[in-house]
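Asker: One letter stands for each residue in the lines below.
Protein chains: 4
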Amino acid sequence: MTEGLRIEEVERPHIERSDGVIVEVEGAGWCQTDNHIIEGMWEQYVPQPLPMTLGHENAGTVVETGDEVNLVSEGDAVICHPVQTCGTCRPCRQGETMYCENQSFNGLTTDGGFADYLKTTERAVIPLPGDVEPIDIAPHADAGITAYHAAKKAVQGLSPGDHAVIIGIGGLGHIGVQCVDAMSAAQITAVDLKDSALDLAETSGADHVVNPTKGNVREFIDDVTDGEGAREVMDFVGADVTTEYAPDITAAGGNHHIIGYGGHIHEPAQALVNGEFSYVGNIVGQYTELQELVALVEQGDVELHTSRYGLEEVNEVAEKLEHREIDGRAVIIPWGYVTILEIVTGTK
Amino acid sequence: MTEGLRIEEVERPHIERSDGVIVEVEGAGWCQTDNHIIEGMWEQYVPQPLPMTLGHENAGTVVETGDEVNLVSEGDAVICHPVQTCGTCRPCRQGETMYCENQSFNGLTTDGGFADYLKTTERAVIPLPGDVEPIDIAPHADAGITAYHAAKKAVQGLSPGDHAVIIGIGGLGHIGVQCVDAMSAAQITAVDLKDSALDLAETSGADHVVNPTKGNVREFIDDVTDGEGAREVMDFVGADVTTEYAPDITAAGGNHHIIGYGGHIHEPAQALVNGEFSYVGNIVGQYTELQELVALVEQGDVELHTSRYGLEEVNEVAEKLEHREIDGRAVIIPWGYVTILEIVTGTK
Amino acid sequence: MTEGLRIEEVERPHIERSDGVIVEVEGAGWCQTDNHIIEGMWEQYVPQPLPMTLGHENAGTVVETGDEVNLVSEGDAVICHPVQTCGTCRPCRQGETMYCENQSFNGLTTDGGFADYLKTTERAVIPLPGDVEPIDIAPHADAGITAYHAAKKAVQGLSPGDHAVIIGIGGLGHIGVQCVDAMSAAQITAVDLKDSALDLAETSGADHVVNPTKGNVREFIDDVTDGEGAREVMDFVGADVTTEYAPDITAAGGNHHIIGYGGHIHEPAQALVNGEFSYVGNIVGQYTELQELVALVEQGDVELHTSRYGLEEVNEVAEKLEHREIDGRAVIIPWGYVTILEIVTGTK
Amino acid sequence: MTEGLRIEEVERPHIERSDGVIVEVEGAGWCQTDNHIIEGMWEQYVPQPLPMTLGHENAGTVVETGDEVNLVSEGDAVICHPVQTCGTCRPCRQGETMYCENQSFNGLTTDGGFADYLKTTERAVIPLPGDVEPIDIAPHADAGITAYHAAKKAVQGLSPGDHAVIIGIGGLGHIGVQCVDAMSAAQITAVDLKDSALDLAETSGADHVVNPTKGNVREFIDDVTDGEGAREVMDFVGADVTTEYAPDITAAGGNHHIIGYGGHIHEPAQALVNGEFSYVGNIVGQYTELQELVALVEQGDVELHTSRYGLEEVNEVAEKLEHREIDGRAVIIPWGYVTILEIVTGTK
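Chain order of the listed sequences is R, Y, S and Z.
Heads up, the first sequence is in this note's numbering, so the first residue is 1 and it goes up one at a time.
Heads up, the second sequence is in this note's numbering, so the first residue is 1001 and it goes up one at a time.
Heads up, the third sequence is in this note's numbering, so the first residue is 2001 and it goes up one at a time.
Heads up, the fourth sequence is in this note's numbering, so the first residue is 3001 and it goes up one at a time.
Derived by calculation from the structure, the hints in this document are not laboratory data.
Among these hints, one or two may not hold up.
[What the hints assert, rightly or not] Listed below are several chain R residues computed to face chain Z (Cβ distance under 7 Å; list not exhaustive):
hint: 1; residue: Pro13
hint: 2; residue: Pro47
hint: 3; residue: Gly157
hint: 4; residue: Ser159
hint: 5; residue: Gly161
hint: 6; residue: Gly300
hint: 7; residue: Asp301
hint: 8; residue: Glu303
hint: 9; residue: Leu304
Here a beta-carbon is modelled for each residue, glycine too, at the ideal position from N, C-alpha and C.
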């Protein structure tokens, strides 16, 4: 996989529609999904024209706009929602921009932002408040809103005194902890295999932490919730071993949110009937949720834990993430390069 | 399994608490869960003191009340919610009577109503409107409210023009179709292996029907929903083959409700992420939901399709249900017998 | 007021933006709001450039489209949502198209459809199913979705057995009754001063009717709801005499929806505290709600009661409506005229 | 009004039902509603058998229990929900304990807790965590849960970046600020006539404060919300002057919560239509909401600002509150007295 991506020189993209926007990229987060794309895990779910520039967590400065664009002007700092939407299909009309019937997903189904320039549209950019730096906020474009999106669903079920369990305190999970903490008065228990991640969880707002290599998670949750279980479990790992916690640690009527992926759910239907819990799917958050997350960042409620890398280090970053050697989120800085990346998976 | 239950003579139960109620049973529905109890499927989930009288779908006439009971008096016709609740734990206070921390479940964890008399409490009986016969409404005490409970959750996500798919049109499913039809303006597609069940679905309000032995369910749903998928899928079967429909037939953001059980869910976490659908667990409905279902029955919105049997035929009924030879719901009439049933599974 | 509107010849509008759409109008509903506009009641709420063509309930055929329009083509039959929205402000992104920060409202803040041609946009037109005639559906563009919008909010609070009261069974109210009937299993009581309106209510799905000139509404509701009151009251009149029903006929925790207007709310704050009821404001429904209403019409769940008039009869129609001499909804047919209407209120 | 209450000696109450509980009162909050009761404002809304002991905000120690009580035992510290509920009517079953059809309200419709002993029931007491003192938490029994109840409704509408306005930072309002702050990431603007109250608001979590005697509230809110208005307004005053803020400061689709009372709502129905805002009634919170508030107190998220008085000072306290001379909440300590209070309004 170290040979997954290639650095090449490409032409600068140009505006073709009245609502087009070209952004000069200042920061581009590296995501577990980038690894999954390279592994070919998305081929069966979405069309992927290759070669393609990866990168779906971008922020930067607007350098060109189509002639009917009103929301932003040249020189504006923006964060880029990864999904370019049509604005006229029914899901777009309902605010469910992630279900847009005519969408392109940066770095997944169209060229993304591990590059100097990203071509996107008025409906996919959010102007940044004056004191927020693009490079600091870039990973929120996917890691951030995905965590926020799941957290927003979870807090609907969390009254004061209720318990949330957050599994996997990495690039997404540490944002998830901060979001639940900011938007609810629930008790938060963080679960991770690494003690450094649990330390990050505690500074992010977790009330309790448990490391499955050292303690029994089921007993810990049972104990801390007085036998009731957690009303909301946010699973940022999505491995077999984490999805099977659900029947044991979820309260009656509660939810086990699937955010991370890679493993399977394998449970008897009867378990869901007996405990009346649900496995809740979660995709990237909506455009308006990214607006809300920007507000949280501006208010100081959510802080990203990042490390920065040059564009030439992408394959190295991919490998480090695979081996859980990155704390928080890796951000790629493409500035100064006139190159893009291309997927060259073994099968192509 | 034909030897699953034994008919014996037992003593009439007596009031022990101020809120106790003794009901003379006039009808007792036979449920797939009774078969599952006999098979031992519930042993790992709940305590079951044996021997025990089965029967959790009961209606009849009040014959004795504790000295602080106000809701009903001797001679009142009532339907019995299967769960006897404490009324003081937090779930009871929230109306989530199914999550009562001190509950007894008729015919599952305490003696039920395949008997002349059932001992229950003021918090578990609902007076019937004048023109509703106990024997006609008995199966609603479990089959009915379970279907209603899931339908009530499902219709929250169903706007006019949206699609619901209802899988398994048996004792519960045919009530589910009627509930969704009465409470929403959604399009309903019924799925069943038996054409007679699909006929029942159509008279119950289904707009479309499909038999998997004759047509491709995935293609049918794709076609009827214009490629969008169904917002709500109600799975009254809960077999491997039905839970795996979810990624293909559920719309983005939709729900696959697990009501029937017996099989497993086995899906990659990524499927739930990509389609953002959920597997939603469903248990028996709350007391207040049974009140609402009684209102539907009184209004003529829900009609039970039943067949009647004597108490001596219980084992025969169990076998018929196993072989899908019962249309709608079987109701046992214990009247005139001074006997109860006892679980005698092979392992005891 | 009979001299409220003037018929004039004007130029055909032209496409100016990439998302523009010109519709040849085939039917245009006359609304109580048109009377209120002529009376000057909207001057303090919104900017109104005069002279202006009135008319916000339009349907017809697309005759020209901007060069980036994908949703419709020349020749398509469409219904026109009255609000032209930007698609990029936060409310638009949330699906709350009625709160668009850059909106134009046909016939209220920009030229409407009592004319041969209406200039609107891709975001404001909905293609009609093949068997729906524009002239039959036109009033749904405002009367319909306003009633539907309020009904959709109301049914969220209506479980089977609950009661809804619908006050004023005119152009909107008779649609409201049908919507509540189609989307819930609640008991519906209709209130109107005219027996012919109550007859229309009954054929629309009302379970009970009461005429305040003949019976005591408060006692009637108290009786029919067993003293509990109505969970949802939909007030399509909005007069002093109807808003003051709320404390007496609304159940604890219930809602009195204000849809019609003209009068005032005047109640002690304590009344809202004691009964915990709310006065809920209601504006025109969203674009997606109009899609849902079109689905209801296509399914046969909602039928409009209309009468047709020529463009030259507009002032006469206004006066008839004022004197409650129109049953259901008046539809103006502008076809064949090359004229528009202009507000000439006394004060201009 | 200084002669409103009389101190007398009465007999200690005794258990009469199996679920009865006698509490020795350690603290009893004085509420604006006590003043309103003395003024006779509740006579038309509820039956009030006189003479009656006032006091509905009580906490203390259980000294006697009925023979079927399981939740508490002699010696347990408890807070008393002011409403004694039946547990068997439909509202109780739904968790809507405030709508109990067979309720008694301490100090309003039955004897309350400005006395050594309060007779209540198992369904109306909540055991306190070990480190919470009854006297410190007593006012939460009404002031607290009323504020919490309204805050819980309000935060449902508050996404990060949205604005809440809280009017009146007294005994309830300063709890309201803390609850909204703990349960949401919204921006909070506090409004009060007293600068000391605004100081309390700021230490309670308000982001902005405005004093109507010094600044224009409408302009301030317009400015701080960028012209959008506040999504949720919590009106703890309920005077004419505060209810009429609604059309000007509430965002489209927002809510003006009526919690305080004394004045009127007087608005044209058209205002609610144009802005689609609602006047939302608010009563005392449910039993389970008091549990949640106790959790907030235990977690340190909500802190009461109180001052303590002896039982003999009640009339003085009433007068001070009338003249806004009490900051936070006054708590009466009946300990050591064998007396109760009696309403002797002028009209009796």
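Asker: Compare the structure with each hint and give your call.
Answerer: We went through each hint and held it up to the structure:
Hint status for Pro13(R) relative to chain Z: violated, with the closest Cβ pair at about 31 Å, above 7 Å. Violation of the interface hint for Pro47(R) is found here, the shortest Cβ-Cβ separation to chain Z being roughly 33 Å, above the 7 Å cut-off. Because the smallest distance between the Cβ of Gly157(R) and any Cβ of chain Z comes to about 12 Å, over 7 Å, the interface hint for this residue is violated. Taking 7 Å as the C-beta cut-off, the interface hint given for Ser159(R) holds, the closest approach to chain Z being about 5 Å.
Interface restraint check for Gly161(R): the shortest CB-CB distance to chain Z comes to about 3 Å, inside 7 Å, so the restraint holds. A hinted interface residue such as Gly300(R) counts as satisfied when its beta carbon comes closer than 7 Å to some beta carbon of chain Z; here the least separation is about 10 Å, so the hint is violated. Checking Asp301(R) against chain Z by beta carbon gives a least distance of about 5 Å; that is within 7 Å, so the hint holds. For Glu303(R), the interface hint is violated, since its Cβ never comes within 7 Å of a Cβ in chain Z; the closest pair sits about 13 Å apart.
Proximity of Leu304(R) to chain Z is violated relative to the hint, the smallest CB-CB distance being about 15 Å (cut-off 7 Å).
Against the hints set out earlier in the document, violations occur for numbers 1, 2, 3, 6, 8, 9.
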